[in-house]
Amino acid sequence: MTLGEFEDMMDSCVRCSKCKFIPQLVIQSKRFSSICPSIDYYNFHAYSGGGRMIVASAYHKGRVELTKEMLDVIYSCTNCGGCEVSCKWVYELEPNEAIHELRVAAVEAGAGPMPKHKKYIELVERNNNPYGEDPEKRPAWLTDDITTDESSSTLYFVGCTASYRREEIAVATAKILNSAGEDFRLMGSDEMCCGSPVFRVGDEKKAIEIMKSNIEQFKETGIEKIITSCSGCYNMLKVEYPRFVEHDIEVIHTSQMIEEFIEEEKIKLTEKVPMKVTYHDPCHLGRMAEPYVPWEGEKIEVLSQVFIYDPPKPVRRGAGGVYDAPRNVLKQIPGVELVEMERIREYSYCCGAGGGCRSAYPDFALWASNERLEEAESTDASTLVSACPFCGTNFKEGIESRKSEMDYFDLTELVLRSMGGGK
Amino acid sequence: MLEKKVYEAFTKIVGERHISQDLAVMDTYAFQWCNEIEGAQRGEEPQRFGVRPLAVVLPESTEQVQSIVKLCNEHDVTFKAFCTGMGPWAGVSDPRAIQIDLRRMNRIIEVDEKNMYAVIEPYVTNAELQSELFEFGLMHHAQGAGPQTAPLASHTSFVGPGFTSPYTGFSARNVLGVEWVLPEGEILRLGSFDHSGKWFTGDGPGISLRGIMRGWLGTYGGLGVFTKAAIRLFSWPAPKDWKWKTSGTIPDYDWDVPPYWQMYVLNFEEWEEYQKAMYELSDREVTMVATTSAPEGLAALFTNTKQDAIETIFAGLLAKTRNYIVMLVAAHTQREFDFRTKLVRLIMEKYGGNDLIAEGVTTPMPMHYGETVRNMLGGHAFRFSNCFQSTHGGMDTISMAVRLAQLNQPIKQKYIDKGVIGDDRGLGIWITSYESGHMAHMEAPTVYDPTDIESCLGYAAYQDDCNQLDLDNALGMPFFIVGDEVHNFYAKRAMNYPDWLRKIKGAFDPNGVSDPSHYVKGVEKKK
Numbered sequence: 003m004t005l006g007e008f009e010d011m012m013d014s015c016v017r018c019s020k021c022k023f024i025p026q027l028v029i030q031s032k033r034f035s036s037i038c039p040s041i042d043y044y045n046f047h048a049y050s051g052g053g054r055m056i057v058a059s060a061y062h063k064g065r066v067e068l069t070k071e072m073l074d075v076i077y078s079c080t081n082c083g084g085c086e087v088s089c090k091w092v093y094e095l096e097p098n099e100a101i102h103e104l105r106v107a108a109v110e111a112g113a114g115p116m117p118k119h120k121k122y123i124e125l126v127e128r129n130n131n132p133y134g135e136d137p138e139k140r141p142a143w144l145t146d147d148i149t150t151d152e153s154s155s156t157l158y159f160v161g162c163t164a165s166y167r168r169e170e171i172a173v174a175t176a177k178i179l180n181s182a183g184e185d186f187r188l189m190g191s192d193e194m195c196c197g198s199p200v201f202r203v204g205d206e207k208k209a210i211e212i213m214k215s216n217i218e219q220f221k222e223t224g225i226e227k228i229i230t231s232c233s234g235c236y237n238m239l240k241v242e243y244p245r246f247v248e249h250d251i252e253v254i255h256t257s258q259m260i261e262e263f264i265e266e267e268k269i270k271l272t273e274k275v276p277m278k279v280t281y282h283d284p285c286h287l288g289r290m291a292e293p294y295v296p297w298e299g300e301k302i303e304v305l306s307q308v309f310i311y312d313p314p315k316p317v318r319r320g321a322g323g324v325y326d327a328p329r330n331v332l333k334q335i336p337g338v339e340l341v342e343m344e345r346i347r348e349y350s351y352c353c354g355a356g357g358g359c360r361s362a363y364p365d366f367a368l369w370a371s372n373e374r375l376e377e378a379e380s381t382d383a384s385t386l387v388s389a390c391p392f393c394g395t396n397f398k399e400g401i402e403s404r405k406s407e408m409d410y411f412d413l414t415e416l417v418l419r420s421m422g423g424g425k
Numbered sequence: 034m035l036e037k038k039v040y041e042a043f044t045k046i047v048g049e050r051h052i053s054q055d056l057a058v059m060d061t062y063a064f065q066w067c068n069e070i071e072g073a074q075r076g077e078e079p080q081r082f083g084v085r086p087l088a089v090v091l092p093e094s095t096e097q098v099q100s101i102v103k104l105c106n107e108h109d110v111t112f113k114a115f116c117t118g119m120g121p122w123a124g125v126s127d128p129r130a131i132q133i134d135l136r137r138m139n140r141i142i143e144v145d146e147k148n149m150y151a152v153i154e155p156y157v158t159n160a161e162l163q164s165e166l167f168e169f170g171l172m173h174h175a176q177g178a179g180p181q182t183a184p185l186a187s188h189t190s191f192v193g194p195g196f197t198s199p200y201t202g203f204s205a206r207n208v209l210g211v212e213w214v215l216p217e218g219e220i221l222r223l224g225s226f227d228h229s230g231k232w233f234t235g236d237g238p239g240i241s242l243r244g245i246m247r248g249w250l251g252t253y254g255g256l257g258v259f260t261k262a263a264i265r266l267f268s269w270p271a272p273k274d275w276k277w278k279t280s281g282t283i284p285d286y287d288w289d290v291p292p293y294w295q296m297y298v299l300n301f302e303e304w305e306e307y308q309k310a311m312y313e314l315s316d317r318e319v320t321m322v323a324t325t326s327a328p329e330g331l332a333a334l335f336t337n338t339k340q341d342a343i344e345t346i347f348a349g350l351l352a353k354t355r356n357y358i359v360m361l362v363a364a365h366t367q368r369e370f371d372f373r374t375k376l377v378r379l380i381m382e383k384y385g386g387n388d389l390i391a392e393g394v395t396t397p398m399p400m401h402y403g404e405t406v407r408n409m410l411g412g413h414a415f416r417f418s419n420c421f422q423s424t425h426g427g428m429d430t431i432s433m434a435v436r437l438a439q440l441n442q443p444i445k446q447k448y449i450d451k452g453v454i455g456d457d458r459g460l461g462i463w464i465t466s467y468e469s470g471h472m473a474h475m476e477a478p479t480v481y482d483p484t485d486i487e488s489c490l491g492y493a494a495y496q497d498d499c500n501q502l503d504l505d506n507a508l509g510m511p512f513f514i515v516g517d518e519v520h521n522f523y524a525k526r527a528m529n530y531p532d533w534l535r536k537i538k539g540a541f542d543p544n545g546v547s548d549p550s551h552y553v554k555g556v557e558k559k560k
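Quick mapping for you: the protein sequence lines, in order, are chains X and A.
Numbering of the first sequence is given in this note's numbering, commencing with residue 3 and proceeding in unit increments.
Numbering of the second sequence is given in this note's numbering, commencing with residue 34 and proceeding in unit increments.
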């Protein structure tokens, strides 16, 4: 869609502010009532989902130009989709989609993305990862006791962050796969960024090139199934890729894979992991992971000024994310006590890292991480668990900055521990 | 743009992070729901972008608000403050105005359990306040605008009926005291606070001025800035250990209904029986909620999506629904519950009504109980076209509400026939009784399409017709779309009250810097 195609939607915002909060019915306390880290940090209405739709409308109508401050408004959004979940409780509006289109428009106008984004996009183009690391060192995390099978049609798509920054997740995932007796291969130094950091900041043209290149590579190597331990990669491969590049490759997240292994008794969680944990739903594994369902039909006026879609148009409300699998896995780890935060599942509070914020607005990203950590601490859990290396990196930084006594683990790490180290 | 030195002076008060004059940021304050209708009424092309403020400031304290207001007086800059800022009345009307966004002032200062009041800052929302009151076994009155809006705004500056009005009244009645930055920057605290350090009453010992501060309609933020409000609380009819608990996934959540709660939809064939039942149900204090809408509205109340609402309408709901009252009996004990439910049945039978829930015509799920007491049901009306607004707004007797509903129908039907507003067969209304007596509020929610010029123009013309109807038949006045011209329209039939409002405005705001917007302009400006 183009920004113009969102015009009616943008003009229909009633500026009600629901987009700033979790769905009103599920609010349990004042402290944890909000859903948007951006409006919480910056406060001006422009920094909310609805506010950004208005900014998009003003830009589309030629009322404003892309100033430095407006670019900050556009890019200091984690693109977490929380605003859209709350908005759709009542309205047929898609603020998160409109924000994405505004970013695309900013890039097309030559003003976006932000300098830090441009820099990492260059690195993705040059080094296949946004960190500028040596592609040859991508599989450096691989230890001698891990077995891969280069003839397998199952790919463990490690992702840039687990490859270079959170290697323990890659190791744990590979060991779990080995323990389950599941053959898999890696792309090794040929693995390319999934395109998420490029796509999220609106450089859609380059992102689509990456998607096409990756799919081509997968097809050439006979990949039929992809396992990813990164929520961002999962979201791209599972949700965004099919919108732009045709493929029929099965994509699953490690949490789903582990749940399946446990059910099929391919792995056994026997070792006690005595800890009280709380689980953070990564946005890209949760509300944003709900697939776009293609729809064809017509808009019918059933009553004066009231239209419906025939057949009914699927509404992407965030309910279809991966919420139960990680929880089911945690519940089966002996010794683990799972306690929930107030904001969970489709109304989870973002960690603050996504949408290019961690690179362009590090102070904001760290602040958001601290907000979420405060909520995690309020549960009296000793450990925060999630299933995304990017969330994990931001949380680890938050834990350090606030000198929290909380530990952070990826789900795969706890599973590996409960398996006795994967042996 | 503001002069550089003036902008710098504002910056000095709030800090660089909390001021902006970027046009895109400003446009998010210029854009307001219903600007398109007011524009159409003025003969302009309908659009949501209204007057753009010259700057937005985000103060964090009363002292900062005071400094901002004084600076505005000094430099002839108009100001308008808002809490969450939903609706055209929140926006500025003067091209040389700044917007004071009170978002950073969001503390619950005090909950006095024994004396049943809370002291709140501007950006505490209804849902937030409510969620913090349960542990005290208390609730507040939340205005129909919704759980995400601010009770301080409604209590100090708007009328504010809500879904629990039979039990909790309306906002104007429940304000006990305020901290008020007057248009010239003086701070005034109304009520008992300065006498005793407690906010138990807004009428003294100490100064009252409640009628001047807001009267019935409120000043819509046109007479200074309210930085704290003490509001009355009510007993929450659930055990103290009961917790607000939801489960499930959007849009079909589940909610733990407290014990001794029961919803009814009492349906009466004719308005006459409806009216008698409404009087008696209100008088006997049996219900926390007594709300009426169109049959189409009932379809929206107890469904979770637009698709479901439309399907419910076409599945035959309309044929079985006439003039109904959605009621919620919410009791503290089994005996109280038994007594009230028995009374409901007796009154229903006395006036020949039937219960649409018992008959399976409509089925509120547990989450709809939660939505009812969280004041979310009004929002369901937005589902039909992403937009509605209400004409009328009379708060008078139950019989006047019924009369208004009857007189409104043919006028509304005329615009439905033109295809410019939503088709509810002219029956789309919202009536709620309040204060457990003979009083009721009535407005006529009307669906229109804000992206369709003809629809906006049509709604605007319908609004004008409704205003004329109110005037001709003494049916009260609208409370959404008001301001100088609307006040003038009603003046002759109401003791020329706007003249008095203008005197108040002129006396309190001699420099005319508190943006009047939907209030009135003062008698004269010194400048």
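Just to be clear, a hint being listed does not mean it is correct.
[Stated by the list, open to error] Calculated lysine-lysine pairs in the DSS-like style (CA-CA distance at most 25 Å, straight line):
1) X/301 <-> A/451
2) A/451 <-> X/32
3) A/273 <-> X/32
4) A/451 <-> X/333
5) A/38 <-> X/32
6) A/451 <-> X/278
7) X/70 <-> A/278
8) X/278 <-> A/147
[Stated by the list, open to error] Ranges of calculated distance between the beta carbons of each label pair, as one might list FRET restraints:
9) A/240 <-> X/342: 44 to 50 Å
10) A/274 <-> X/382: 16 to 22 Å
11) A/275 <-> X/404: 31 to 37 Å
12) X/326 <-> A/77: 51 to 57 Å
13) X/136 <-> A/128: 31 to 37 Å
14) X/226 <-> A/487: 31 to 37 Å
15) X/404 <-> A/249: 47 to 53 Å
16) X/314 <-> A/240: 55 to 61 Å
Treat the hints as calculated values from the structure; they're not laboratory data.
Backbone N, C-alpha and C fix where the C-beta goes; we use that ideal spot for every residue, glycine too.
Against the structure, the hints:
| no. | hint | result |
| --- | --- | --- |
| 1 | X/301 <-> A/451 | holds (20 Å) |
| 2 | A/451 <-> X/32 | violated (46 Å) |
| 3 | A/273 <-> X/32 | holds (18 Å) |
| 4 | A/451 <-> X/333 | violated (60 Å) |
| 5 | A/38 <-> X/32 | violated (38 Å) |
| 6 | A/451 <-> X/278 | violated (63 Å) |
| 7 | X/70 <-> A/278 | violated (44 Å) |
| 8 | X/278 <-> A/147 | violated (38 Å) |
| 9 | A/240 <-> X/342: 44 to 50 Å | holds (49 Å) |
| 10 | A/274 <-> X/382: 16 to 22 Å | holds (19 Å) |
| 11 | A/275 <-> X/404: 31 to 37 Å | holds (34 Å) |
| 12 | X/326 <-> A/77: 51 to 57 Å | holds (53 Å) |
| 13 | X/136 <-> A/128: 31 to 37 Å | violated (58 Å) |
| 14 | X/226 <-> A/487: 31 to 37 Å | violated (54 Å) |
| 15 | X/404 <-> A/249: 47 to 53 Å | holds (49 Å) |
| 16 | X/314 <-> A/240: 55 to 61 Å | holds (59 Å) |
Comparing the model with each earlier hint shows violations of hints 2, 4, 5, 6, 7, 8, 13, 14; every other hint is respected.
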